[in-house]
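*Asks:* Chains as they are written, first to last, in this note's numbering: chain A, 1 to 583; chain Z, 1 to 555.
Don't take every hint at face value.
Below are the BS3-like pairs computed for lysine-lysine, each with C-alpha atoms no more than 30 Å apart in a straight line [claimed, not checked]:
{"no.": "1", "chain 1": "Z", "residue 1": "Lys-533", "chain 2": "Z", "residue 2": "Lys-423"}
{"no.": "2", "chain 1": "Z", "residue 1": "Lys-139", "chain 2": "A", "residue 2": "Lys-569"}
{"no.": "3", "chain 1": "Z", "residue 1": "Lys-274", "chain 2": "Z", "residue 2": "Lys-87"}
{"no.": "4", "chain 1": "A", "residue 1": "Lys-569", "chain 2": "A", "residue 2": "Lys-191"}
{"no.": "5", "chain 1": "Z", "residue 1": "Lys-39", "chain 2": "A", "residue 2": "Lys-569"}
{"no.": "6", "chain 1": "Z", "residue 1": "Lys-421", "chain 2": "Z", "residue 2": "Lys-435"}
{"no.": "7", "chain 1": "Z", "residue 1": "Lys-474", "chain 2": "Z", "residue 2": "Lys-534"}
{"no.": "8", "chain 1": "Z", "residue 1": "Lys-274", "chain 2": "Z", "residue 2": "Lys-323"}
{"no.": "9", "chain 1": "Z", "residue 1": "Lys-87", "chain 2": "A", "residue 2": "Lys-569"}
Ranges of calculated distance between the beta carbons of each label pair, as one might list FRET restraints [as the list claims (entries may be wrong)]:
{"no.": "10", "chain 1": "Z", "residue 1": "Leu-106", "chain 2": "A", "residue 2": "Glu-340", "range": "37 to 45 Å"}
{"no.": "11", "chain 1": "Z", "residue 1": "Ala-166", "chain 2": "A", "residue 2": "Ala-278", "range": "32 to 40 Å"}
{"no.": "12", "chain 1": "A", "residue 1": "Glu-33", "chain 2": "Z", "residue 2": "Ser-537", "range": "25 to 33 Å"}
If you're looking for bench data, these hints aren't it; they were derived computationally from the structure.
Quantities reported herein were computed from a predicted structural model and do not represent experimental measurements.
Virtual Cβ for every residue (Gly too), placed ideally from N, Cα, C.
Residues per chain, in single letters:
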Amino acid sequence: MRPLAFLLISASFLAAQKPAPDPIMTALAQELERSRSLQLEGVDAPYYVEYSLDDLHAFSVVASMGAVVRSNDTHTRLPRLQVRVGDYAFDNTNYVFSDFFGRSSGVRIPLDNDPVVLRHHFWLLTDRAFKGAVEAISRKRAALKSVTVQEEIKDFSKASPVTLTAPDRPIAFQRQSWTAQTRALSAVFSKYPQITASNAEWEASYTDSYYLNNEGSRVRFPDDIFTIRVRAAAQAPDGMPVRDAATVLARTPSAIPAQSELQRKAERIAENVTALLAAPMAEDYTGPVLVEGDAAPQLFAQLIGTNLGLTRRPVAEPGRTPPTPSSELEGRIGSRVLPEWLDVVDDPTQQEFRGHQLLGYYPVDMEGVVPAPLTVIEKGTLKSYLLTRQPVRGFDASNGRARLPGSFGAKAPIFSNLFVRAKESVSADALKKKLLEIVVQRGKPYGIILRKLDFPSSAPADELRRISAASSQRGGAARMVAAPLLAYRVYPDGREELVRGFRFRSLSARSLRDIIAASDTENIFDFLGNGTSLPMLGGGGYVSGHTVVAPSVLLEDLELDRREEDWPKLPLVPPPSLTGSRF
Amino acid sequence: MSRLFVLFSILASTGLAQTGLLDILGQELDRNFQVLSRKGDPPAYYIAYAVTDEEASAVTSTLGTITSQDKRHSRRLDVTVRVGSPKLDNYHAIRGEMAQFTSGMLIALDDSPDAIKLRLWSETDRCYRLGVQRLISIKTNKDVSVADREASDDFSSDQPSKFTEAVPALRFDSDAWAARLRKLSARFAKYPSIISSSVSVVAEREIKYFANTEGARISHGQQFSRVAFSAQGKASDGMDLATFDSFNTSDPARLPKDPEIESGIDKVAKDLNKLLDAPLVAPFVGPAILSGRAAGVFFHEIFGHRVEGHRLKDESDGQTFAKSIGAQVLPDFISVTFDPTLRQAAGSDLNGFYQYDDEGIKARRLPLVEKGILKTFLMSRTPVPGIAISNGHGRRQAGAEVVSRQSNLLVEPSRQVPEAKLKEMLIAEVKRLNKPYGFYFQEITGGFTNTGRRGIQAFKVIPLVVYRIYPDGKEELVRGADIVGTPLASFSKIIAAGDKAEVFNGYCGAESGSVPVSAVSPSILVSELEIQKKESSRDRPPLLAPPTASIGGSK
């Protein structure tokens, strides 16, 4: 793996260096400069304008049973603009209809670098965004006439301008070999006749991410991502659908594992699904649970990671406040949220950890703020939130965590590389031994080991809807929690037995206070998130890369339910007998 | 009525053996039907597999730059499983609500039996289950009264066809077109009042495969190509204005050469420029001429959608013509024919051409209105009271269920006058009615029509280029005109037709998705048309001047 060397230098230093001018940056900067003269009589003038442009080259291929089902090849440029009118204390954002006005949809930015034509598009987008901002601020003022705001918080914080131009890297799509590799991966499942649906996907995207604002920030860096994913599903004799999936992520093509390793991962998925078909159904369980493998970082990502950002409730007409996601950790600064021997650090500055490329790396966030490592939990105590330039109660300044578009004119605070570090730890074997001790102590027939959760979820849409309905029944804006995918009964003699059909009962950040021990080993898990607690595997829209590094943990008490659902009947028609060849 | 292409594209894979897929479909069809027709409870009595193989290449441009250049290739599968019996099956509409079983799922791009059979099997199972569920709820639904059940069957008995044709490969040089579009789209830069503009080209090849348990085995296909260009601007009062035109052919090689496209672009640009300064219309009721293309859209919207047979089954539909077979619905000198077998008219390729419809029924010429008398409806295999069989108009976009749709609509007047005479007749009407002027609708784009019972039975088309014609013959371009009105009223007011047919090619969106259609008509003179002022945006024109090449920008 070749780490990327970024040039992070001050504006004055840059002037002396004179790198080759980037035609897109030059054109956008000129138009941004011109937007300073935007004004309309009697209305607020723009005080902040930002331009973003993602110049995206993407290739993807999906294959099933050795045959290509879909293949896309795209070059597109996606603009994002923001115009804020008023001032930092009070502007057009943080209002329920902030995003509603001034949107431009379906604008295609030219793929040729003609400066005047590029500027022409940003000229129109800026004009529209400005008019929308003016509309929003006047409606926000009107709404405020009939509601009282409990606490005056500023709408936007200041940040010092940043200049960064990362060096170019070659854009090298290996369409033929990637397609061949994807076909081969998908053909792995042909050898498992019980698997009735499967595929392999390969997505490669090279993005040059541009960010400019009228405070003087000028940023361009590559934001590339390579995804290889395999999925398989089948139906157990009792009708229960079972499935498994694996995703491999890399920021550079050189970090993509060898085909033989990818193939092994596909085989593992096929074996897991086949094993699940034969596995007994789980029974309701309350007791000690050992969380290891992918499951440990998956658990921390969901219960800690997605709770570290706060969403500010927007100004709205009285009684019409929209539901906003709430964080379980809101208002808990200074409180114990984990055992005191656990620390959690969010570190977007690291590119690599023990030879593993970290997915959460980024040099500058979406609001032009350079992030630094941040200890969010120290000795089990919550120390900080992930912050953007949208102030929240008690926190005025950004710490550079704006990673996704958010709501009501703000960006969403999102974690990056999350390191869960245990000051006290035991070996993995000792951890399992400890689990069994408790099992014996309590006279239980077995304990439970979780090795993989369905996170991000590979569930089909109808199942996700059921999960969502079930979690909202449990009161309030409950978060969706991924179900265990690979769960094992472990008997006092150490024997393990795979079971299927578990789901968590009332799992929340609070559950983590029951961690009684951690391993001295580290589990590394990469994934693409979308800011929700349960992203969908391969879901579209804006995504953020994450790596979570966490030890295996033993929880003293966790409640797991057996899924009680009406499963679909088995098909009347037996599956087709396959030739085993593609033609 | 223009079709948007999905941004993402697909690499072409070539050299498909065309019979391979039909064989795979046939084998899996037989295997599934054997079990589901015997062991199913209730049994399946009919299964069909339809695969739409679509390969397309598109380039869009603006002001001398390329904004997208995509290729895509997809194969979508639509499975039909009918359970119960033709008298009452799972497709029976409940209170106008139609069934949706198919998902148009993607299948392998090459004829790989394992990959395709597995999908066919699982989709068949899914559709069978949904079908059984729906049939049970239909049978227990109080709203499906005995009378309703007996009014007409749910599925017709039609003869299966066997047909296979080779569809030529798509020959389209995307890069050569990109170079042409850069030059062509740069022409709009000469018109500073045009805020945005585009020139695009699309070439598409579609192959349809169809197999059913009655023995139909069909594969056929065709190509569609289009160069389209549009310009948008804003009048000083904030009104958004747009002009648009396109050239359509089947084979992309026959798309016009640059000089012809250039003059088309110049016309669109000049029309827009003139429109921006044109006076606003005032509400008006009076005589008007619709150009052939405008009349085509008019007929498609106000007439065509109301003769789609399935509307007679839908109690929530207005059913304008429900009891009108044998009755006069248009002036006695107007006949209307739907002819999907027609490849060309008035020198243009027709979008609505096809050989078999999406239920495998052979296309045929269908005289629908003869001398003003309604003879039949557009029919799929869903019978309606009084019409038991299909006339080859069951159509869909992949992923939607089939309903009856239009094809090539031909307006055929028995009495025609030269175009110049039509204008004289308009002026005579203007004078007779003591109106200050009449209207001439030159360019119209697709509108929408509401055939529902609850909504107002109205239609709306979007006129792009409209003139006022004064008694002295003077023509004046105006902006902001919208045609409004109720359909039945408009039909009776056609008083004359011109002698030169024009073609409007487009894509029609309705219950079964977007399907290619054409309308062919001469100009028509209507004694009374209601015109209202278009609702207008209140946005001001852009505050800053457009950017120019001067460094730092100008103000």
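*Asks:* A separate judgement is required for each hint: does it hold in the structure or not?
*Replies:* Okay, the hints, checked on the actual structure:
1. Z:Lys-533 with Z:Lys-423: holds (24 Å)
2. Z:Lys-139 with A:Lys-569: holds (22 Å)
3. Z:Lys-274 with Z:Lys-87: With Cα atoms ~59 Å apart, Lys-274 of chain Z and Lys-87 of chain Z exceed 30 Å; violated.
4. A:Lys-569 with A:Lys-191: Within the cut-off at roughly 24 Å; holds.
5. Z:Lys-39 with A:Lys-569: Cα-Cα ~14 Å, so holds.
6. Z:Lys-421 with Z:Lys-435: holds (19 Å)
7. Z:Lys-474 with Z:Lys-534: Roughly 24 Å separates the two Cα atoms, so the pair holds.
8. Z:Lys-274 with Z:Lys-323: Violated - the C-alpha atoms of Lys-323 of chain Z and Lys-274 of chain Z are around 47 Å apart, more than 30 Å.
9. Z:Lys-87 with A:Lys-569: Within the cut-off at roughly 28 Å; holds.
10. Z:Leu-106 with A:Glu-340: 37 to 45 Å: Taking Cβ atoms as reference, Leu-106 of chain Z and Glu-340 of chain A lie about 52 Å apart, which means the hint is violated.
11. Z:Ala-166 with A:Ala-278: 32 to 40 Å: violated (49 Å)
12. A:Glu-33 with Z:Ser-537: 25 to 33 Å: At 28 Å between Cβs, range holds.
In the structure shown, a violation is registered for the earlier hints numbered 3, 8, 10 and 11, in ascending order.
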